[in-house]
Amino acid sequence: MLCLECPYCGVAAEETDLHPGGEAHLKRFGPESSDDDFTGYLFHRENPKGVHFERWRHVNGCGKWFHAARCTNTLEVFGTYSAQTTEPPKDLLDTIRAKRPGFTWRDIA
Amino acid sequence: MSDVQLALDGAAFDGLVQIEELAGQGMITLRGDLADDTIRASVNGLFGIDIPAQRGTAFAGDTGALWMSPDEMLLLCPYEGARAMADELAEKVKDAHALVVNVSDARTVFRLKGSMLREVIAKLAPADMSPGVFEPGELRRTRLAQVAAAFWMDDARNARVVCFRSVAGYVFGLLSTSADDASAVNHFTR
Numbered sequence: 045m046l047c048l049e050c051p052y053c054g055v056a057a058e059e060t061d062l063h064p065g066g067e068a069h070l071k072r073f074g075p076e077s078s079d080d081d082f083t084g085y086l087f088h089r090e091n092p093k094g095v096h097f098e099r100w101r102h103v104n105g106c107g108k109w110f111h112a113a114r115c116t117n118t119l120e121v122f123g124t125y126s127a128q129t130t131e132p133p134k135d136l137l138d139t140i141r142a143k144r145p146g147f148t149w150r151d152i153a
Numbered sequence: 002m003s004d005v006q007l008a009l010d011g012a013a014f015d016g017l018v019q020i021e022e023l024a025g026q027g028m029i030t031l032r033g034d035l036a037d038d039t040i041r042a043s044v045n046g047l048f049g050i051d052i053p054a055q056r057g058t059a060f061a062g063d064t065g066a067l068w069m070s071p072d073e074m075l076l077l078c079p080y081e082g083a084r085a086m087a088d089e090l091a092e093k094v095k096d097a098h099a100l101v102v103n104v105s106d107a108r109t110v111f112r113l114k115g116s117m118l119r120e121v122i123a124k125l126a127p128a129d130m131s132p133g134v135f136e137p138g139e140l141r142r143t144r145l146a147q148v149a150a151a152f153w154m155d156d157a158r159n160a161r162v163v164c165f166r167s168v169a170g171y172v173f174g175l176l177s178t179s180a181d182d183a184s185a186v187n188h189f190t191r
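Protein chains in written order, with this note's numbering: chain A, 45 to 153; chain B, 2 to 191.
Since the hints were derived computationally from the structure, they do not count as laboratory data. Fair warning: there could be bad hints in the mix.
As the list claims (entries may be wrong) - Within a straight-line C-alpha distance of at most 30 Å, the following computed DSS-like cross-link-like pairs (lysine-lysine) qualify: (1) Lys134/A with Lys124/B; (2) Lys134/A with Lys71/A; (3) Lys108/A with Lys71/A; (4) Lys124/B with Lys71/A; (5) Lys93/A with Lys108/A; (6) Lys71/A with Lys95/B.
Here the structure is a predicted model, which means the values were calculated and not measured.
Make the full structure from the sequences, and use the hints.
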């Protein structure tokens, strides 16, 4: 069972309280972008065995979207953080680097 | 104003706990920055309560405030005065970025009375209801089986559950089943 702490209401929410929102930190490419950029934005997703960054919504609770970093292999949760950011916070990345030396995710290493 | 039309006509159930649909609870949703001075002062002036902290509840006589999210609060007041209170609050916060709506008839409130209420709720919600973890003064928004709900404890033997009016029958059925006399687990009293 996956438990994520919502950074907005502080509840350790169980998976059924939440709704998954897919991969985190996507950069949107819309009208007038190149076909390659648009294809990448629309279809290409990370599917790692290991460290992953995702969006989740506390749908049955406070209703807020937030980000979570977790390991898809062990279900270990490294941390959750605000939705109002375009990249994971540095202290969280340091924690992950210490626990999973050498991990890479898109252009994060 | 017309009479209160309850969703379940004041349904009641007696089992591990007593369950009762409360008649006419005034409820006003306030959305806006809860740290905003105008909003804080307006709520305090009109309802006589300080804005509760994260997941907190605050009560003063027949009014109350429930922390729903960082930018949402559910204000409680007598049913008859809810519309006037909402209008007055909207007027007071009109210069702040805020939204005020009277939702009294969009929600249903149940009261659970009895020492087994922790267990009755714990059977339905993915929330830790252990004494010391969930205590009076805290509000929890979560789900009851398949629908969203919020609940808080007034004291060790009294809790209130708020859900959408459209699922009132479902929630009453859930609570009644969970409070069936033959279904005691005695998890929290063992």
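Now the hints, each set against the structure:
1. Lys134/A with Lys124/B: Violated. Lysine 134/A to lysine 124/B sits at ~40 Å, over the 30 Å cutoff.
2. Lys134/A with Lys71/A: The hint holds at about 19 Å.
3. Lys108/A with Lys71/A: It holds: about 20 Å lies between the C-alpha atoms, which stays within 30 Å.
4. Lys124/B with Lys71/A: Not OK: lysine 124/B and lysine 71/A at ~42 Å, beyond 30 Å, violated.
5. Lys93/A with Lys108/A: The given pair, whose Cα atoms are some 27 Å apart, holds under the 30 Å limit.
6. Lys71/A with Lys95/B: With Cα atoms ~36 Å apart, lysine 71/A and lysine 95/B exceed 30 Å; violated.
Hints 1, 4 and 6 from the list above are not met by this structure, while the remaining hints are.
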